[in-house]
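K.L.:
Protein sequences, first through last, are from chains Z and B. Residue numbers for the first sequence follow this note's numbering, so the first one is 1 and each next one is one higher. Residue numbers for the second sequence follow this note's numbering, so the first one is 378 and each next one is one higher.
Rather than coming from a laboratory, the hints here were simulated on the basis of the structure. A virtual CB, placed ideally from N, CA and C, is assigned to each residue, including glycine. Treat each hint with caution, since some may be false.
Said to hold, decoys possible - Taking lysine-lysine and the DSS-like style, the derived pairs with C-alpha atoms no more than 25 Å apart in a straight line are:
#: 1; chain 1: B; residue 1: 660; chain 2: Z; residue 2: 366
#: 2; chain 1: Z; residue 1: 366; chain 2: Z; residue 2: 128
#: 3; chain 1: Z; residue 1: 369; chain 2: B; residue 2: 660
#: 4; chain 1: B; residue 1: 576; chain 2: B; residue 2: 672
#: 5; chain 1: Z; residue 1: 367; chain 2: Z; residue 2: 286
Unchecked claim - Far from chain Z, some chain B residues (derived; all Cβ distances over 12 Å):
#: 6; residue: 563
#: 7; residue: 582
#: 8; residue: 586
#: 9; residue: 618
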Amino acid sequence: MNEITESRKPPVATTGILGWLRMNLFSNWINSLVSLFVLYILIQFIPWILNWTIFAADFKYNFNGVEITDRTMCSRVLDPENGGACWAIIYVRFYQFMYGFYPRDEVWRVNLSYIMLAVAVVPLLFDKFPFRKHFLKFTYVFPVIAFFLLNGGLGLEPVSTNKWGGLLVTLVLGCTGIALAFPLGIVLALGRRSNLPVISMMCTLFIEFIRGVPLITLLFFGMVMLPLFLPEGVNMDGLARVLVAVTLFQSAYMAEVIRGGLQAIPQGQYEAARSIGLSYWQMNMKIVLPQAIRISIPSIVNTSIGLFKDTTLVIIVGLLDLLGIGRGALADTTWLGLAYEVYFFVSLVFFIFTFAMSRYSLYLEKKLKTGINMGAD
Amino acid sequence: MRSKLNFFSDEKFRSIFFQTLVIGLFALGIFFIVQTTAYNLEKRNIATGWRFLTDPAGFDISFSPFIDFKSTDTHLDVYFVGVLNTLLVSVCGCIAATILGFLVGIIRLSSNWLLVRVAYIYVEFTRNVPLLLQIILWYSILIQLPRVKQSLEFLDVFFISNRGIYSPRPVFETGFSYVFIAIILAFISSFFIRRWAKKRQDDTGKQFPVLSSFFGLIIIVPLILFFIIGSPLSFDYPALKGFNFKGGMVIRPEFIAMFLALTIYTAAFISETVRSGILSVTKGQREASASLGLKKSWIMRLVIIPQALRVIVPPLTSQYLNLTKNSSLGIAVGYADLVHGFGGISLNQTGQAIECMVIVMATYLTISLTISVFMNIYNRSIQFKEK
Numbered sequence: 001m002n003e004i005t006e007s008r009k010p011p012v013a014t015t016g017i018l019g020w021l022r023m024n025l026f027s028n029w030i031n032s033l034v035s036l037f038v039l040y041i042l043i044q045f046i047p048w049i050l051n052w053t054i055f056a057a058d059f060k061y062n063f064n065g066v067e068i069t070d071r072t073m074c075s076r077v078l079d080p081e082n083g084g085a086c087w088a089i090i091y092v093r094f095y096q097f098m099y100g101f102y103p104r105d106e107v108w109r110v111n112l113s114y115i116m117l118a119v120a121v122v123p124l125l126f127d128k129f130p131f132r133k134h135f136l137k138f139t140y141v142f143p144v145i146a147f148f149l150l151n152g153g154l155g156l157e158p159v160s161t162n163k164w165g166g167l168l169v170t171l172v173l174g175c176t177g178i179a180l181a182f183p184l185g186i187v188l189a190l191g192r193r194s195n196l197p198v199i200s201m202m203c204t205l206f207i208e209f210i211r212g213v214p215l216i217t218l219l220f221f222g223m224v225m226l227p228l229f230l231p232e233g234v235n236m237d238g239l240a241r242v243l244v245a246v247t248l249f250q251s252a253y254m255a256e257v258i259r260g261g262l263q264a265i266p267q268g269q270y271e272a273a274r275s276i277g278l279s280y281w282q283m284n285m286k287i288v289l290p291q292a293i294r295i296s297i298p299s300i301v302n303t304s305i306g307l308f309k310d311t312t313l314v315i316i317v318g319l320l321d322l323l324g325i326g327r328g329a330l331a332d333t334t335w336l337g338l339a340y341e342v343y344f345f346v347s348l349v350f351f352i353f354t355f356a357m358s359r360y361s362l363y364l365e366k367k368l369k370t371g372i373n374m375g376a377d
Numbered sequence: 378m379r380s381k382l383n384f385f386s387d388e389k390f391r392s393i394f395f396q397t398l399v400i401g402l403f404a405l406g407i408f409f410i411v412q413t414t415a416y417n418l419e420k421r422n423i424a425t426g427w428r429f430l431t432d433p434a435g436f437d438i439s440f441s442p443f444i445d446f447k448s449t450d451t452h453l454d455v456y457f458v459g460v461l462n463t464l465l466v467s468v469c470g471c472i473a474a475t476i477l478g479f480l481v482g483i484i485r486l487s488s489n490w491l492l493v494r495v496a497y498i499y500v501e502f503t504r505n506v507p508l509l510l511q512i513i514l515w516y517s518i519l520i521q522l523p524r525v526k527q528s529l530e531f532l533d534v535f536f537i538s539n540r541g542i543y544s545p546r547p548v549f550e551t552g553f554s555y556v557f558i559a560i561i562l563a564f565i566s567s568f569f570i571r572r573w574a575k576k577r578q579d580d581t582g583k584q585f586p587v588l589s590s591f592f593g594l595i596i597i598v599p600l601i602l603f604f605i606i607g608s609p610l611s612f613d614y615p616a617l618k619g620f621n622f623k624g625g626m627v628i629r630p631e632f633i634a635m636f637l638a639l640t641i642y643t644a645a646f647i648s649e650t651v652r653s654g655i656l657s658v659t660k661g662q663r664e665a666s667a668s669l670g671l672k673k674s675w676i677m678r679l680v681i682i683p684q685a686l687r688v689i690v691p692p693l694t695s696q697y698l699n700l701t702k703n704s705s706l707g708i709a710v711g712y713a714d715l716v717h718g719f720g721g722i723s724l725n726q727t728g729q730a731i732e733c734m735v736i737v738m739a740t741y742l743t744i745s746l747t748i749s750v751f752m753n754i755y756n757r758s759i760q761f762k763e764k
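Using the sequences provided together with the hints, build the complete structure.
P.N.:
Right, here's the structure in full:
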């Protein structure tokens, strides 16, 4: 007599919460010890950090309900045992963190630029964006609009760039650096792969030189040496000089990334383009570059993250970006000693931008893996 | 009949034409820049030349562990102190970042869910916050440490305060050089032992305990020699005199901040390359070696790591290069490296902007090139050797 064995339930210890815990935290005694140790530290640390940043923190008022105007009114100065972070320094200086010393009457121009930046960039990032084509036209003219809006001219009151600061400078440096370095990087990458030995050698030397020195030396170069190179009467303000250095720096890194993309294009694509009679520029513009750039976008975003973080270096040559404004706030005697609050806030702002960018790059990588077939045969 | 235009459709002519044009424009640009620069320098009364290098610097450097620097020393000495400080923090940072990075990379592939999450949060946070900010943050934490008078004591010889960590300084007496030579000889001989052991294993299959013989040679032999000679080493202990410590050896907070920030920041990147390197070794390799009956530690050492290293080393090289270049951020906390000491203070005092910047850039290029060359040699030695 044949009996069919009934299927049995899996052992309790491998399914459900208990099973999960056993598999992932307590699989053997070393793992269990480590888990308990980490758990202990987290139990100590997480409530403390939450308490410090949120529950015991002052935002605008201290624990007596008085509005905070200087450091001596912070709960953590009045009561070092129980007081949390004193975010009032951020609250009071928020304008500076966002705009620097931009005149208050003209600040609508910065706000408008921020909004337009979002309108210009978001359709660029997602190729399924509705009416993307029309939005992209705006993306192309946006730099010109933003330049006149922020800088003045065309009937707007001029605002000198040494009044710019905070997030404004960070974004201007990051966005302009990336936007200018992109075409320059393409030219350098094509130049390095060129058949003409002189051009290839010059591009290679330039790229390797820039990649071999730290950004800070290029910033010094822009600040100290560039004025010596310019003929009399030509004056560049600090921001422009730093922008030159940042753009040169970023273009070398961009070139290497794009060169990687160019190398991934199968030789057949070049040959096919040549055999239907396309010229060098037609071949590159219509066949090779569109494919090469497409596959190198994730890496382009990654180098852009690097640049965005590196914009903080401008504080060393005296520009006031987000970090510079933060340090300025700390140097102010009314707010002395609130370093952790300021650095926490500045880190958070940078983290939001760079984390979003790195997620975007991951999303692109995933899409590229499934989306297109490179036909590498 | 050939028209003039046909010349232009000749590829060879076109190539020569464009290259000559580029060289011409480049030369013209250089000529123009040299002209304006010379004019500008003359107008500002700046004499070019390298003579300033032998002028006395006239300022002090707080951290110079290798050269005893006095303010009467020259700008050239400032340069050497700067190079050594740059190299010191870079080498320390590279070693520590490699260790921490490998550790975190392996942790992220471990089976402990909690540990994996903690490592992930560490990597994401440090990677996404500017390094300069992290350096400044570490520095601001370190200078919150107690003052010298209330400094924290460890074992009565280590003192931690906001001026840095004071520790005993080893004083090498006559005869210590023999111990030092013994250590070098031990390194050289263990290199040959390794070669001989490998050859013997290839020929006969017999193994030789290379690692333990290496440690035996470099630790035990010099140690025996050390005691035979009569311990030619004493320590100079730091002691609190007045407002500061006298004697001993000090590690300044600037250095510690740079070291911590560079290590922690770069380790996050290294951990990612290590993780992707180990993941690049297919599961089949692990299973195949397990089915051959290899021990778990052998699978890791003989199968996984050699293959993972092929993927890891090229990005690791660029991380080392990045760390070295990032050490130039010491200027933000006053660490007297190449950029801060020579490219900053010397430049400002002498006004010789072009000379100083050229020297600084050339030095960084040399360091970068050296690292690339050595890492490329190493990379070639671990790549597949196809026969």
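K.L.:
Each hint should be assessed against the structure and marked as holding or not.
P.N.:
Quick rundown of the hints versus the structure:
Taking the CA atoms of residue 660 of chain B and residue 366 of chain Z, the gap is about 22 Å. The hint holds against a cut of 25 Å. Simply put, residue 366 of chain Z and residue 128 of chain Z have alpha-carbon atoms about 16 Å apart, close enough for the 25 Å limit, and the pair holds. Taking the CA atoms of residue 369 of chain Z and residue 660 of chain B, the gap is about 21 Å. The hint holds against a cut of 25 Å. Under the criterion of a C-alpha separation no larger than 25 Å, the hint pairing residue 576 of chain B with residue 672 of chain B is consistent with the structure, at around 23 Å.
Under the criterion of a C-alpha separation no larger than 25 Å, the hint pairing residue 367 of chain Z with residue 286 of chain Z is consistent with the structure, at around 22 Å. Every CB of chain Z is more than 12 Å from the CB of residue 563 of chain B (nearest about 35 Å), matching its label as outside the interface. For residue 582 of chain B, the non-interface assignment is confirmed: its Cβ lies about 34 Å from the closest Cβ of chain Z, beyond the 12 Å cut-off. With a cut of 12 Å on Cβ distances, residue 586 of chain B stays outside the contact zone with chain Z, its closest approach being about 26 Å.
The Cβ of residue 618 of chain B lies farther than 12 Å from every Cβ of chain Z, with a closest approach of about 30 Å, so its non-interface assignment holds.
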